[in-house]
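S.K.: Using the sequences provided together with the hints, build the complete structure.
Residue strings, one per chain:
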Amino acid sequence: MYLALTDEQEFLIEAAAGALDRRPTVEAARAVLDGESAESLWPVAVEAGWSGLLTGEDADGAGLAPYDAMLVLEECGRRLADARLLGHLPACALLEAAGADAELRGARARGERRAALVDARLGERSTTLSVAVTEVRGTVRGVLDADGADVLVVVGQDTGGPVALVVEADAEGVKIALRAAYDGTRSLADVTFDGARGTRLELAAARVRDGADLQLVLLAAESVGAADGALAMTRDYAVDRIAFGRAIGSYQAIKHKLVEMLRRIENARSLVVAAGRAWDEDRDRFGLLANAARVQSISALDYTAPETIFVHGGVGATWEHDAMLFYRRGEASRRLCGGADTAADAVADALLATL
Amino acid sequence: MYLALTDEQEFLIEAAAGALDRRPTVEAARAVLDGESAESLWPVAVEAGWSGLLTGEDADGAGLAPYDAMLVLEECGRRLADARLLGHLPACALLEAAGADAELRGARARGERRAALVDARLGERSTTLSVAVTEVRGTVRGVLDADGADVLVVVGQDTGGPVALVVEADAEGVKIALRAAYDGTRSLADVTFDGARGTRLELAAARVRDGADLQLVLLAAESVGAADGALAMTRDYAVDRIAFGRAIGSYQAIKHKLVEMLRRIENARSLVVAAGRAWDEDRDRFGLLANAARVQSISALDYTAPETIFVHGGVGATWEHDAMLFYRRGEASRRLCGGADTAADAVADALLATL
Amino acid sequence: MSTIDATNLETWRAELRTWLDENAEHAPARTVLEPKTDEQVAHWRAWQARMADAGYVGITWPSEYGGRDGVPAQVVEVERELKARDLQGGFDFIGLDMIGPTILAHGSREQKERMIPPLLRADETWCQLLSEPGAGSDLASVSTRAKRQDDGSWLVNGQKVWTSFAQHAAFAILLARTDTEVAKHKGLTTFLVPLDLAGITIRPLRQITGDAEFNEVFLDDVVLTDDMRIGEPGEGWKVTLTMLGFERVAVGSGLHATQIGPLVRTVGARPEDREDARIRVRLGEVASQLLALEATSERVMEEIGEGRVPGPDAGLIKITSVLASLDACRLAVDVAGQEALREGEWSNQVSALPGVRSAGGTEEILRNLIGERVLGLPPEPRPAPATPKGR
Amino acid sequence: MSTIDATNLETWRAELRTWLDENAEHAPARTVLEPKTDEQVAHWRAWQARMADAGYVGITWPSEYGGRDGVPAQVVEVERELKARDLQGGFDFIGLDMIGPTILAHGSREQKERMIPPLLRADETWCQLLSEPGAGSDLASVSTRAKRQDDGSWLVNGQKVWTSFAQHAAFAILLARTDTEVAKHKGLTTFLVPLDLAGITIRPLRQITGDAEFNEVFLDDVVLTDDMRIGEPGEGWKVTLTMLGFERVAVGSGLHATQIGPLVRTVGARPEDREDARIRVRLGEVASQLLALEATSERVMEEIGEGRVPGPDAGLIKITSVLASLDACRLAVDVAGQEALREGEWSNQVSALPGVRSAGGTEEILRNLIGERVLGLPPEPRPAPATPKGR
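Protein chains in written order, with the numbering used here: chain R, 1 to 355; chain U, 1 to 355; chain F, 1 to 391; chain Y, 1 to 391.
Careful: at least some of the hints might be erroneous.
Said to hold, decoys possible - Here are the computed lysine to any residue pairs in the SDA-like style, where the Cα-Cα straight-line distance is at most 20 Å:
#, chain 1, residue 1, chain 2, residue 2
1, F, Lys83, U, Asp282
2, F, Lys83, F, Lys184
3, F, Lys184, R, Arg246
4, F, Lys184, R, Gly245
5, F, Lys184, R, Arg241
6, F, Lys186, R, Gly245
7, Y, Lys83, R, Arg285
Bear in mind the hints are in silico, worked out from the structure with no lab data behind them.
Remember, predicted model here, so these are calculated numbers, not experimental data.
M.R.: In structure tokens:
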């Protein structure tokens, strides 16, 4: 719907759809729950050039903007694909903004290595992180994609305000404890720093915050995709399924429910788009819009995922049905990155700061 | 629905309906907004014996229980009648529990005088009240029915915990400032005590709390009645009104909405009933259930009142239509007695105290 | 046990309490979870047998079939006492609450004598073969076919789904189409089917929890003798409506909703949360719904105790139960964090709830029913009833 | 003003900004409230005339009727600049956004020459005579009757309701039944009616706010000459659908929703509230909805700017606008307290919102439309179209 895209962006979406459709991503989400190991989608991301989306062309990146990354993430979400971009891209964006070493950026842009963002602000409860010059202590809980990354971009508070550091994942004092997840597609870990040493990135305080906000809006874009995928599935079922002599989609109870899904999805998508534009045109509003996008994307998926099951009736609540996988995605995503209230609170914070 | 009532209670309801139906209570609610003065319903309450409902027979009261008072309040709510019982009855209940002087209780039971409860816990924001032995200082905002009462039962915190005092409305240092209200049926005032003197009531701390909890559950019962009245009106319209060749009540969108009204009303009514029984049988749970009843009654009226307008379409949003009056009742009631969150917080408090 | 009235109900209640004090150790704890291991199932069945022997299940049923000729108030008392002690009731609630009463209402004397006593003791447990892949909410459109044979027996072919407890059951009540020439509600017949007959295949159906709470049941050339029929041929819808009425009573008298205790314990686990205004208000709002659910169940139980049959508005309890439990789970996991999704009580509830919503009539069907029967709203215009195709 | 394309849009925008800088003092402030006094109305009309003279209303309309032959992107620019400066646009949005485009699409040359220029300057403003007491959502069932006379004129009798701005208007577009023998959508005709004709009575209809935002209009033996007809006899539904399509565009490009600024100011008025976790989270959630509304309107405006016509999904904006505004008002008054209901911005919004929901199509109708047109869901079976009875 009413999205004005450039030809390049249309192509990016098509290419993403093409690359992902060749993988059984939804089936893989179930297989992991059954104890099987799923194919990593990182090579897909590398081959498609997504690993370097936000890295400059000087370091073998594509030099594109978050807006483009969101388009890719929406396609990933639609198929429940997690190519570890949620951790990688925000980390790369901070490295890029800080003008980090070209080889450091290049290895990640080319996909030889992965980066991950470890921002205490988005940590689960019991997160404690302190930074003293180049030394990092504490544990950040529930970090996306840290497992398997070789470089961690750590964001925390120094006495002077928020700072970002690059910490090697294999540095002394770094421990990355992978956790099993309700949504099997995710890579979630607790990251502990026991006096680990890192290198400070040269970034203004406002730009340090960009990493977390970018992760939130990418996650929002991904959730919009997931909700939209669930809606598409539900819509098809509502057209085909007959009850009491009519397609169930002809009943107002079902019809209005699907429109409610659409409404929430479009609201979230509008904010994802607006945040993407703000990054380029009005960076001061980026944080506000990114967090608002996250809030509305949660509202969209919180509503769409369970209702997808409900509309499908009993069959929707079975292990074999895909609806379950979207539901698990929704339940888990809501609690990622500090949970739903963290984003709402950030929206309030940005607005109240204008008083 | 599934209410098991005694014959006496059935009679009480019938009598209330009869007494109130002789007055144009709903029309009066509109007339007040148009600047006319409405007939006081206090004489109706006195004639029906409601002024003495909770006062013992030794002081010319009926010696009935809060459960019975709730039945009366539900009938009042259904007709948007406010006979000043929300302030009077809880105050009388505290006087009764404290074994106050028979003449003090009797004058109120017979309806020669009115009492009102002034509990700082249910005051609007900017309420400040302190009690030192028999001296009261501060302002309680948004007090129901204080205007015109001759005796105020004031509840506040002394150093040793919650205490209740009887303060004459015309005592030195008492100022009762009547406020105009969005719902014209209400009597709402700010009550200021500038070192006013009162007489302490002999009550245990837990019993001092009963006054406010009783006011909340009576208000809940009244809101249940209002919501039920709105539902009845809406239901009739949905049966009569034709759109696209069918009664609008045959459309699922409307039908399911009315069932949602019913569901919330019945949930609230169940809690009103449960609180009423707990007063007699399990007083320790009375506060919990009274506050839960208040929370659910807000949910019922918050939903029912605006949806009543919506189902009626444009005509429901006109000054001449009764739907507006139920809407004003709902918007105003939600913010009474400390507002919706106060009751929810009290429910949490009671439950967390069991840990 | 002699007939109970108001004067001796008190004595009876005292006996019940004493018995429960003495026998509680044999009872499983009340939980929203289904029993998982064979051992748990056996333990629960033994508890039902113990209760039956003491006269605390089937209380209102005729003594000639093993009941106690009791009054509904006693049933309500048992439920209240069990609940207060956090103990389970009978294992085979489908048999006790729905199928048993249906057999008593429509079955032959021989059927009652054969079926009821072992049902009471959970020696033989029951399940329902009603829904089909193509007939969920619209139950009257089932297409499982029972064809009369020349010898008077019935040849059954079809597929049923959402059958709870089929893996434990000895018998099922079956709704099948016996006449394809008449309007869809009129061509149905019900049967009481031993599940060990040739041609019956039970296939577990995994749910979101990963466990198989339901089953698919395939019927391939299953032969039923005519004495397995309950009700007359063509009266299957009537028998089914009777059973659904009893189901409503069962739903109304206490459901598998989230319990307040565990919710409060989880939400209040950390001292700082107990002081957090946002968490407190959410807890208060969610808990109020759960308290309303309890209070409404109490009202329905009281009505049952007085011998009345709850109206369709008891279906509101089902709706609130699901909505309130969803809210409760959301809050509990929001506070406890992502990890609570991985395993344990909340993980299980989060996964189990979506299935509960569809079981026993979707919310939409319930709202239609309540809107029409309780509020008197007009039904939707329906397409002309079509005669379903047979197999 | 010459034709605008991408190359000179920038120059044009600069001129617009300069003009606005110089003329802003004549503009009323943007608010969700309707003008109340005659003075406010006159002031706002004068502002529209000023904008029209400068070429900033009716930009895309043909220059032969006073338009500027412009492109949609310019319309969007004007709206954006006005919004950024918190200034109102034209007073007669019904004429500018809905009726004017309809006259241009279906009117005769004479009608366009007579009606459009004064419409642009708000010298003559417009209203819609569509809904009736018996025809709200189901507009095609209007029963106001226009009977052809022997002299070719039409005799009109009936009653219309929910007519906004009738008290200010010189003209109305009227939907009337001219043929009672055919199916209900086919017997309708539209007219452009001078409101000073004999037999027209306008009666204000007070709303919950206490003000009369709408009117009832009674038509008693009103005689319309045939040159007041717009479209052919029997084509009234087609003309109406055109107008409703333009209404959708108007709704999609910015609506009377609660503004974020006042909400934040009210909620954040007290320092202690700014630190209250519960209030902050509620504010964040409500504000996110309002931000989504702004962002969606931007997307629709962009689409209009590119010359495309928004689809029915633009109706989602109307739904969100009402829902989000209700939430915002609830929050604002919860925080500000009961007193905020008595008077001022929040009191007015709380009272005005319920009426807004029904205006221009109820939420239910919009959801049907979007479900069927956007998601491709099947329509409800409808009873056979009946021929409505005439008067």
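S.K.: Now tell me if each hint is right for this structure.
M.R.: Do the hints match the structure? See the list:
1. F:Lys83 <-> U:Asp282: holds, 17 Å
2. F:Lys83 <-> F:Lys184: violated, 42 Å
3. F:Lys184 <-> R:Arg246: holds, 15 Å
4. F:Lys184 <-> R:Gly245: This hinted pair holds, its Cα atoms lying about 11 Å apart.
5. F:Lys184 <-> R:Arg241: holds, 18 Å
6. F:Lys186 <-> R:Gly245: holds, 16 Å
7. Y:Lys83 <-> R:Arg285: At roughly 17 Å apart (the allowed maximum being 20 Å), Arg285 (chain R) and Lys83 (chain Y) satisfy the hint.
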